[in-house]
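Going down the list, the sequences are from chains A, B, C and D. Using the working numbering, read the first sequence as starting at 1 and increasing by one per residue. Using the working numbering, read the second sequence as starting at 1 and increasing by one per residue. Using the working numbering, read the third sequence as starting at 1 and increasing by one per residue. Using the working numbering, read the fourth sequence as starting at 1 and increasing by one per residue.
It should be emphasised that the hints constitute simulated quantities derived from the structure, not laboratory data. These figures come from a predicted structure and were not determined experimentally. Just so you know, not all the hints are guaranteed correct.
Taking lysine-lysine pairs in the DSS-like style, the calculated list, with each CA pair at most 30 Å apart, reads [what the hints assert, rightly or not]:
| no. | chain 1 | residue 1 | chain 2 | residue 2 |
| --- | --- | --- | --- | --- |
| 1 | B | Lys353 | D | Lys22 |
| 2 | C | Lys217 | A | Lys353 |
| 3 | C | Lys282 | D | Lys255 |
| 4 | A | Lys356 | C | Lys217 |
| 5 | C | Lys22 | A | Lys276 |
| 6 | D | Lys282 | C | Lys282 |
| 7 | D | Lys255 | A | Lys245 |
| 8 | C | Lys255 | D | Lys282 |
| 9 | A | Lys356 | D | Lys217 |
| 10 | D | Lys47 | B | Lys276 |
| 11 | C | Lys282 | D | Lys183 |
| 12 | C | Lys183 | C | Lys47 |
| 13 | A | Lys353 | D | Lys282 |
| 14 | D | Lys282 | D | Lys217 |
| 15 | C | Lys47 | B | Lys245 |
| 16 | D | Lys255 | D | Lys217 |
| 17 | D | Lys282 | C | Lys217 |
| 18 | A | Lys285 | A | Lys83 |
| 19 | C | Lys255 | B | Lys356 |
| 20 | D | Lys282 | D | Lys255 |
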Amino acid sequence: MDTVFEGQILFRQYLTAQNEVSTELPEWARSADWLTTCYRNMVLARTMDNKAIALQRTGQLGTYASLLGSEAIDVPVGLLMQKEDVLIPYYRNHAIQMLRGTPIEEILLYWGGDERGNASPGMGEDFPNAVPIATQAMHACGVASAFRIRGESRVALTLCGDGATSKGDFLEALNVAGAWQLPVVFVVNNNQWAISVPRNLQSGAPTLAQKAIGAGIRGEQVDGNDVIAMREALQLALDRARDGKGPTLIEAISYRLSDHTTADDATRYRDNDELKAAWELEPIKRLRTYLHSNGWWDETQETLWQEEVNCMVQSAVDAYLDTPPQPIESIFDHLYAELPESLREQRDWAMVKAMKGGSHHES
Amino acid sequence: MDTVFEGQILFRQYLTAQNEVSTELPEWARSADWLTTCYRNMVLARTMDNKAIALQRTGQLGTYASLLGSEAIDVPVGLLMQKEDVLIPYYRNHAIQMLRGTPIEEILLYWGGDERGNASPGMGEDFPNAVPIATQAMHACGVASAFRIRGESRVALTLCGDGATSKGDFLEALNVAGAWQLPVVFVVNNNQWAISVPRNLQSGAPTLAQKAIGAGIRGEQVDGNDVIAMREALQLALDRARDGKGPTLIEAISYRLSDHTTADDATRYRDNDELKAAWELEPIKRLRTYLHSNGWWDETQETLWQEEVNCMVQSAVDAYLDTPPQPIESIFDHLYAELPESLREQRDWAMVKAMKGGSHHES
Amino acid sequence: MSHETITMVEAVNLALAHEMEKDDSVVLLGEDVGTNGGVFRATVGLKERFGNRRVMDTPLAEALIGGLAVGMAAQGLKPVAEIQFMGFVFPAMEHVICHAARLRNRTRSRLSCPMVLRAPFGGGIHAPEHHSESTESLFAHIPGLRVVIPSSPARAYGLLLAAIRNPDPVIFLEPKRIYRASKQPVEDNGVALPLDTCFTLREGSDLTLISWGAMIKETLESAEELAEEGISCEVIDVATISPLDMDTILASVAKTGRCVIVHEASRNLGVGAEIAATIAEKGLLDLQAPPVRVTGYDTVMPYFRLENHFMPNTADIKDAVRQTLEFV
Amino acid sequence: MSHETITMVEAVNLALAHEMEKDDSVVLLGEDVGTNGGVFRATVGLKERFGNRRVMDTPLAEALIGGLAVGMAAQGLKPVAEIQFMGFVFPAMEHVICHAARLRNRTRSRLSCPMVLRAPFGGGIHAPEHHSESTESLFAHIPGLRVVIPSSPARAYGLLLAAIRNPDPVIFLEPKRIYRASKQPVEDNGVALPLDTCFTLREGSDLTLISWGAMIKETLESAEELAEEGISCEVIDVATISPLDMDTILASVAKTGRCVIVHEASRNLGVGAEIAATIAEKGLLDLQAPPVRVTGYDTVMPYFRLENHFMPNTADIKDAVRQTLEFV
Ligand SMILES: Cc1ncc(C[n+]2csc(CCOP(=O)(O)OP(=O)(O)O)c2C)c(N)n1
Ligand SMILES: Cc1ncc(C[n+]2csc(CCOP(=O)(O)OP(=O)(O)O)c2C)c(N)n1
Ligand SMILES: [Mg+2]
Ligand SMILES: [Mg+2]
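Could you put together the complete structure from these sequences and hints?
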């Protein structure tokens with residue numbers, strides 16, 4: 001029997017949780033610059049995240065999906081994408097949105113149940129959060145197709161979770177990306193859980209990266225707690241896509257250190273020892289240790305930066321809490337470019353009902 | 001970088017189009033028994049197919065999907081599946097249906113636009129043809145799940161085309177089959193075309209069998225014009241599934257020698273040279289040559305069998321053409337187990353309208 | 001025999017447990033229905049009790065959930081599949097519409113599809129986008145399906161038992177806003193409710209209020225408050241949205257001469273359209289006023305900060321009733 | 001400027017070619033739309049003319065077709081996506097309902113989704129199962145979409161131009177039974193028709209006939225034959241199914257006092273339900289007889305040997321008209 005296909009998946013890691021260098025470091029990782037920027041933003045991301053959870057717990061935010069444990073995936077994505085690239089995120093990528101220009105108060109606005117949180121001019125052409133799982137993977141292919149049709153050197157980057165890799169949308173998207181050699185990068189944040197469903201129940205495949213093989217595209221597995229590995233993998237994938245060399249699937253191995261969302265209670269289904277073990281691998285401590293050991297970061301800087309970050313987040317929270325709700329007619333005014341005649345009556349009713357004395361008046 | 005996964009796809013073939021043995025033959029292929037049975041049924045299948053096309057051309061059948069070029073895939077499937085297994089076919093598997101016990105006249109009835117064509121008691125628990133592409137792959141997993149839940153040693157076997165492998169249903173089905181280690185066999189009839197879309201536009205993957213790798217299941221590529229290879233691959237897959245060793249994906253390489261259906265005209269999009277070349281590889285001639293060269297079949301047998309087969313098919317055609325249409329109330333009577341009260345009025349109208357003098361009377 | 005005071009979501013759980021105990025062919029599948037017991041706890045304890053062969057956490061894929069259920073049902077199992085929120089049911093539509101609804105008809109009853117597709121639906125719990133829609137109409141339009149919506153713990157119990165036992169596919173939609181809104185004594189007696197009849201929850205003579213699901217709460221409250229004004233409303237819980245029992249509705253409207261239909265879904269082609277159209281067609285001469293619909297707007301369900309504006313409330317219902325009564 | 005006598009499917013092709021010529025951002029995608037020119041030849045010649053960057057044969061996956069179109073449209077392209085038959089649209093529903101219909105609203109108009117989803121639909125050509133359904137109602141219920149159905153070559157041309165130019169998603173359903181049923185002179189002048197108004201095809205005083213798509217043929221024939229009996233019917237082609245122009249319909253019913261709605265889709269929650277309900281709600285006092293619906297049954301569309309029983313014909317329409325006129 002002839003072998004008609006052979007494939008393999010490699011695992012990329014430079015810095016272990018024990019602060020050991022497991023693969024020779026790339027040149028750029030031997031200087032402070034990018035890594036401290038990365039670190040600062042990871043701390044900012046986590047601070048924002050903590051604050052959002054606190055807001056939710058006090059009834060000032062809706063159900064919120066924490067990014068805890070994704071910092072080493074999302075911050076490098078946010079730093080490495082070009083402005084003209086397009087982000088097609090899932091619902092856990094607030095750090096990327098922030099780095100690409102969405103003010104924190106607008107991110108909070110979204111999680112506060114207000115569509116204006118998707119309207120920030122800072123978002124440029126980026127997609128809003130995708131709530132229906134994996135649908136964004138196809139939109140990314142549509143965006144990438146538009147780039148190809150117009151002959152633009154831009155990249156569409158999309159993210160999803162490990163659970164999302166089971167959904168047809170993700171798989172159809174990988175397939176068309178391969179068939180059309182689209183300038184798209186798929187990043188799977190394999191945080192080991194899809195709400196209560198563990199990774200091994202999602203798929204019999206030993207790696208999720210090998211789903212790339214089924215679609216005939218490049219795939220690799222990366223330590224998603226190691227920003228050096230993430231930068232290397234992402235830069236390669238982005239460059240290849242931009243240069244017309246086709247799509248890449250990156251499976252970033254991480255761990256969901258939080259509950260699924262604030263509406264979830266992971267202790268119902270998840271072993272506490274597993275969680276503890278995962279905390280040993282977490283990305284911020286790992287990077288901080290590396291920065292410290294190179295003398296690129298110290299306790300004073302840490303304290304100052306944490307203070308600065310607290311201020312930034314607090315003023316964003318204030319701005320968020322000060323934002324008055326949209327007028328009710330907004331639900332009509334963005335439905336179509338122009339209000340259809342047939343909706344005018346409903347819009348009028350809605351406004352009357354919202355007025356003082358109306359059935360839907362909220363004081 | 002560590003290698004975390006390695007996989008390969010092998011191509012199985014024993015008998016080439018040049019009547020050469022390319023791999024050592026299995027023991028059973030050194031005797032006439034199974035191979036002549038297989039041959040007879042392939043001739044029967046092709047005869048039935050020709051007749052169906054003729055019926056369509058003369059307005060006595062609806063749009064019909066020819067099986068021409070699939071004989072070496074479908075006849076082995078039909079012979080090797082056990083009666084208690086369940087077939088979940090696509091719309092090109094008439095030969096399997098026939099071999100599993102559906103009278104030819106009932107197969108024709110289906111293509112004549114009559115639901116009774118799916119009702120043959122000969123079909124047992126087999127599914128009817130799936131018209132929406134790839135949906136059957138999931139039903140097969142549902143059937144296989146039922147076997148697993150009840151602890152039965154049965155296998156669900158499902159087929160689809162190369163085009164169908166792009167659809168989420170197929171890919172989600174492969175994935176769950178792997179995750180749950182279901183007793184299911186997926187056979188892809190890669191006949192190189194999905195209506196007008198050639199195989200290379202469907203996917204960037206060099207083989208379709210490697211979609212199994214993405215799902216973490218066994219996959220292999222087989223010469224779908226070589227019944228010996230098909231039997232070997234199928235038997236192994238069926239045995240493994242029955243023994244609880246998990247699912248298999250078989251990519252059978254064939255060629256759609258016909259138009260997509262009788263409603264299609266392949267000359268609009270397909271090169272005639274390609275078609276000619278494909279005829280050189282076709283399965284019936286290949287097997288006949290092998291049988292002849294072993295002295296297991298001769299011209300007299302051929303003539304006699306062809307006559308017999310013609311009679312069988314003709315009497316099925318006669319029976320089909322003699323079948324009166326269903327009464328109109330049949331469209332109500334199988335909608336629910338019991339007719340909902342609210343539909344009684346519509347059913348009554350329909351019957352009145354179908355009566356002599358009614359608006360829908362057909363004489 | 002237990003006779004507990006329970007919530008609607010507990011009643012769902014009770015019915016599932018009852019039927020799984022009684023009938024081995026009943027199996028559950030869906031996302032997070034196993035160890036987690038469902039994000040609303042509707043299936044809590046069932047995996048522990050009946051094992052993971054019968055309570056299956058599926059990969060994250062709704063088309064798959066629909067397709068698996070069809071395959072299992074064709075094999076004579078009675079799968080009860082959960083879609084985590086109705087807003088995520090769309091990938092399963094092809095299996096529901098093209099297969100579940102048709103398997104019996106397609107095979108002239110050789111095969112059938114006794115499955116239930118459960119999904120929590122509706123707004124009012126301040127949930128994220130896509131977690132609050134009411135699209136029962138999309139299923140109700142499809143011949144071969146049944147669409148059932150309970151509005152109380154007892155009806156959830158009895159109707160879910162009926163849905164599971166029914167030999168055809170049932171879309172069972174659970175108004176999550178009232179999952180825990182109130183408790184009711186529910187006897188775990190295995191008695192199913194009929195799937196072909198509306199429930200008249202309150203008799204009245206001036207006007208017929210027609211509703212279902214979570215809005216039954218506001219509808220009943222409105223009727224109560226209107227009674228204090230001397231207005232006597234009959235309240236009908238449609239419950240079996242499709243096939244629709246128009247006889248009960250028409251008889252009530254023949255008696256009262258006036259009706260107001262209340263639903264949370266968008267107005268255009270909401271189930272209220274069919275009810276109003278049929279009343280006009282078959283009961284025109286009974287009507288002393290136009291059949292009025294009090295519904296969500298023909299807009300996308302707003303994010304939760306504005307969602308209360310979208311949903312009808314008792315003031316809206318009472319206004320519509322008064323206006324209808326004033327019509328001459 | 002050509003002014004040819006063409007069929008409806010040729011008019012579709014003409015409109016596509018016109019707009020692709022004029023506007024680089026118009027692109028086509030779908031199964032077999034390229035070299036093959038579509039299974040009905042609606043896109044024939046366009047790949048040769050505009051290249052395979054702008055005319056894309058997709059892999060066989062309808063969810064993908066929907067999802068790609070959303071992504072392209074968000075980028076400012078104007079994708080015209082073909083679903084080969086409406087019976088295969090269901091995998092694309094999630095993208096249509098959750099994304100196309102909402103992208104503008106979700107982003108407060110930062111992004112939008114100017115896509116067209118074309119699909120041939122309806123029965124009467126003796127096609128296999130799933131090739132003959134009429135499920136326009138499922139889309140019409142969804143806020144944020146437009147649903148448009150032409151009934152003649154000229155309206156196909158003008159409405160398709162309007163659909164492509166429209167800044168929001170349009171579901172454009174082509175009644176394939178009349179793809180080649182008749183020819184009409186169509187001037188390739190690039191003039192679009194409005195998307196917010198019904199077309200009154202025939203004036204009349206006794207009764208209003210309301211229909212769309214292929215059934216317009218039978219409806220007009222019925223009106224003609226009834227005219228010979230001295231019955232004067234107004235005929236309205238709804239065409240823009242959603243958002244629905246009820247003003248034109250209500251004005252006509254106010255004039256005639258009677259109406260019959262004709263559609264091929266199943267009755268329960270077919271678009272006729274909304275029309276009848278709104279007539280009852282807003283035009284009750286104008287009605288001299290119940291609004292009657294002549295429709296397909298609430299059954300699965302039968303395989304083709306019985307399909308003619310399912311579809312309304314002129315005898316049915318005329319009976320309904322006479323019956324409505326006899327109502328007192
Ligand atoms: C189509 C769809 N089905 C179900 C859900 C409900 N849901 C939200 S998140 C989630 C799990 C996602 O897990 P994963 O893809 O691993 O991402 P993670 O949240 O772990 O980052 C589910 C089932 C949804 N949003 N969309
Ligand atoms: C969901 C769906 N989309 C589209 C179609 C129309 N269609 C019927 S057959 C076909 C091509 C199938 O090609 P392939 O899977 O290779 O099978 P083959 O017919 O070549 O054996 C298409 C697009 C369909 N039946 N179902
Ligand atoms: Mg996850
Ligand atoms: Mg093929």
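For the pair supplied as a hint, D:Lys282 and D:Lys255, is the alpha-carbon distance within the 30 Å limit?
14 Å, holds
Tell me if the straight-line CA distance from C:Lys255 to B:Lys356 falls inside 30 Å.
Violated, at about 40 Å.
Hinted pair, alpha-carbon criterion (30 Å max): A:Lys353, D:Lys282. Please report holds or violated.
21 Å, holds
Between A:Lys356 and C:Lys217, does the CA-CA distance stay at or below 30 Å?
With Cα atoms ~25 Å apart, A:Lys356 and C:Lys217 stay inside 30 Å; holds.
Holds or violated: A:Lys285 with A:Lys83, Cα cutoff 30 Å?
Status holds; Cα separation ~29 Å.
Given the hinted pair C:Lys47 and B:Lys245, is their Cα-Cα distance within 30 Å?
Roughly 25 Å between the alpha carbons, so the hint for C:Lys47 and B:Lys245 holds.
Checking one constraint from the list: CA of A:Lys356 to CA of D:Lys217, max 30 Å. Satisfied?
52 Å, violated
C:Lys217 and A:Lys353: Cα distance at most 30 Å?
21 Å, holds
Would the pair C:Lys255 and D:Lys282 pass a check requiring their Cα atoms to be no farther apart than 30 Å?
22 Å, holds
Please verify whether C:Lys282 and D:Lys183 have alpha carbons no more than 30 Å apart.
40 Å, violated
Pairwise hint evaluation, A:Lys276 against C:Lys22, where the allowed Cα distance is 30 Å at most
42 Å, violated
Hey, D:Lys282 versus D:Lys217, does the alpha-carbon distance stay inside 30 Å?
It holds: about 28 Å lies between the C-alpha atoms, which stays within 30 Å.
Violated hints, listed in ascending order, are 1, 5, 7, 9, 11 and 19; each of the other numbered hints is respected by the structure.
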